[in-house]
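Asker: With the first letter of the sequence shown counted as 1, position 52 gets the number 52 in full-length UniProt numbering; the numbers rise by one all the way through.
To be clear, the hints were calculated from the coordinates, so they are not data collected in a lab.
Hints should not be assumed to be uniformly reliable.
[As the list claims (entries may be wrong)] Beta-carbon label-pair distances, calculated as ranges: (1) Ala71 - Thr20: 16 to 22 Å; (2) Thr18 - Pro52: 32 to 38 Å; (3) Thr9 - Arg60: 14 to 20 Å; (4) Glu53 - Cys19: 20 to 26 Å; (5) Gly16 - Asp57: 15 to 21 Å; (6) Glu53 - Gly16: 15 to 21 Å; (7) Val58 - Ala24: 17 to 23 Å; (8) Cys19 - Ser51: 16 to 22 Å; (9) Gly16 - Pro52: 15 to 21 Å; (10) Arg60 - Thr20: 30 to 36 Å; (11) Pro52 - His21: 30 to 36 Å.
For glycine and all other residues, C-beta sits at the position ideal for the given N, C-alpha and C.
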Amino acid sequence: MEPLRETQTETLTIEGMTCTHCVAAVRAALESVPGALVRTVDIGSATVDLSPEADRDVIRAAVEDAGFDLAPEA
């Protein structure tokens, strides 16, 4: 039996979102990332549970491919 893997909840700041269509596009982009479980997406931010195998570069690329920018971590 494989051990349970810890997830980490993070709130991502996403720049360039202005409407519900933006929210839907970002949600779809984040849902395509292995290891990311999307909790909420609102204009300007998204809350996701990230497993250890979630790659921040893949998350950034998915958000950028959807036409938005992932703000640098504070």
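Asker: Could you check the hint for me, namely that Cys19 and Ser51 are 16 to 22 Å apart, CB to CB?
Answerer: Because 30 Å falls outside the window, the suggested range is violated.
Asker: Taking 32 to 38 Å as the stated bounds, is the beta-carbon spacing between Thr18 and Pro52 within them?
Answerer: 33 Å, holds
Asker: Check the following: the C-beta atoms of Pro52 and His21 are separated by a distance inside 30 to 36 Å.
Answerer: Holds, at about 32 Å.
Asker: Would you say the C-beta atoms of Glu53 and Gly16 sit inside 15 to 21 Å of each other?
Answerer: 27 Å, violated
Asker: Can the suggested window of 16 to 22 Å be confirmed for the beta-carbon pair Ala71 and Thr20?
Answerer: Between Ala71 and Thr20, where Cβ atoms are some 20 Å apart, the hint holds.
Asker: Assuming the hint says 14 to 20 Å, is it satisfied by the Cβ distance from Thr9 to Arg60 or not?
Answerer: Holds: the Cβ-Cβ distance is about 18 Å, inside 14 to 20 Å.
Asker: Quick check on a hinted range of 15 to 21 Å for Gly16 and Pro52, using CB atoms only.
Answerer: The hint (15 to 21 Å, Cβ to Cβ) is violated, given that Gly16 and Pro52 are roughly 29 Å apart.
Asker: Against the range 17 to 23 Å, how does the distance between the Cβ atoms of Val58 and Ala24 compare: consistent or not?
Answerer: Holds: the Cβ-Cβ distance is about 20 Å, inside 17 to 23 Å.
Asker: Okay, Gly16 versus Asp57 on CB: inside 15 to 21 Å?
Answerer: Given about 19 Å between the Cβ atoms, the range holds.
Asker: Looking only at beta-carbon atoms, does the pair Glu53, Cys19 fall within the given range of 20 to 26 Å?
Answerer: 32 Å, violated
Asker: Do Arg60 and Thr20 keep their Cβ atoms within the hinted range of 30 to 36 Å?
Answerer: 23 Å, violated
In the structure shown, a violation is registered for the earlier hints numbered 4, 6, 8, 9, 10, in ascending order.
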